[in-house]
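Engineer: To convert, take the position in the sequence shown, counting from 1, and add 18; that gives the numbering used here.
Because the hints were derived from the structure by calculation, they are not lab data.
Note that CB positions come from ideal geometry on N, CA and C, so glycine has one too.
Accuracy of the hints is not assured; some may be wrong.
Within a straight-line C-alpha distance of at most 27 Å, the following computed DSSO-like cross-link-like pairs (lysine-lysine) qualify [to be verified]:
#1 Lys163 <-> Lys220
#2 Lys163 <-> Lys228
#3 Lys188 <-> Lys228
#4 Lys220 <-> Lys188
#5 Lys35 <-> Lys188
#6 Lys188 <-> Lys163
Label-pair restraints from in silico Cβ distances [what the hints assert, rightly or not]:
#7 Thr50 <-> Gly145: 35 to 41 Å
#8 Arg67 <-> Ala190: 41 to 47 Å
#9 Pro176 <-> Trp226: 22 to 28 Å
#10 Gly145 <-> Glu80: 44 to 50 Å
#11 Gly130 <-> Trp231: 41 to 47 Å
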Amino acid sequence: MQINVLLFAGVADAVGKRNLRLNLPEKATVQTLIDRLATEYPVAADLIRHSVIALNQDYAEENQFIRPGDEVALIPPVSGGEEKQPTPLLFITEEPLSADHLICEVSNPSAGAVLTFAGIVREYTYGQRTVALEYEAYAPMALRKMEEIVGEIRQHWPEVRVAMGHRTGKLAIGEISLLIAVASPHRDEAFEAGRYAIERLKEIVPIWKKEIWEDGSQWKGPQTGPWDPRRKKNSAPPLETDT
Numbered sequence: 019m020q021i022n023v024l025l026f027a028g029v030a031d032a033v034g035k036r037n038l039r040l041n042l043p044e045k046a047t048v049q050t051l052i053d054r055l056a057t058e059y060p061v062a063a064d065l066i067r068h069s070v071i072a073l074n075q076d077y078a079e080e081n082q083f084i085r086p087g088d089e090v091a092l093i094p095p096v097s098g099g100e101e102k103q104p105t106p107l108l109f110i111t112e113e114p115l116s117a118d119h120l121i122c123e124v125s126n127p128s129a130g131a132v133l134t135f136a137g138i139v140r141e142y143t144y145g146q147r148t149v150a151l152e153y154e155a156y157a158p159m160a161l162r163k164m165e166e167i168v169g170e171i172r173q174h175w176p177e178v179r180v181a182m183g184h185r186t187g188k189l190a191i192g193e194i195s196l197l198i199a200v201a202s203p204h205r206d207e208a209f210e211a212g213r214y215a216i217e218r219l220k221e222i223v224p225i226w227k228k229e230i231w232e233d234g235s236q237w238k239g240p241q242t243g244p245w246d247p248r249r250k251k252n253s254a255p256p257l258e259t260d261t
């Protein structure tokens, strides 16, 4: 069945829409709808899960069925309720990256630790000298996948804030190609979430690099993507360090 969902206030801002058309199975419940919305809009997932559903202008229980023709609205917490997490800074750019910029973006009064990771263009890889690297991205999809990563991180570490930026174009040796900043109340969560962000970015974000050598070049993309038989669909990668 097809339903229309009305969005308001912070949820509408986070999703970028005030009206959604969704197809749901027959006898879908309120909880089914909340799970569906949180999955499709990971950046707003925390706020969605702290919201309630109204059916026909009355608050609904989680196990209540949604019927065709119901007026459905997602009601976010009212003033004084759960605080909305800020929209994370995620971007693809040809301009130089600034660690200070990302640190300022994630810093907050609750953060006792801020971790930054910088990917640097190195000169030698397995003994072969690199002259430069050239990065290319499918930017719209890359940003959507970055949003997914942030949503996953918030599910694992709700108090963590993340910002990510990736360069495209031709970069010289020593330049920063990738920056990730993570802020959390404690350092353990910052290290874990930062490692998670890096591994997931390499896995699902469509960004490629051309290694340019003195005698040739080669395009490379470390993404394994959803087609990798080593992964179950929509599952998160392991966090263990490779040995």
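Engineer: Kindly indicate which numbered hints from before are broken by the structure, ordering the numbers from low to high.
Structural biologist: Of the numbered hints, 5, 7, 9, 10 do not hold.
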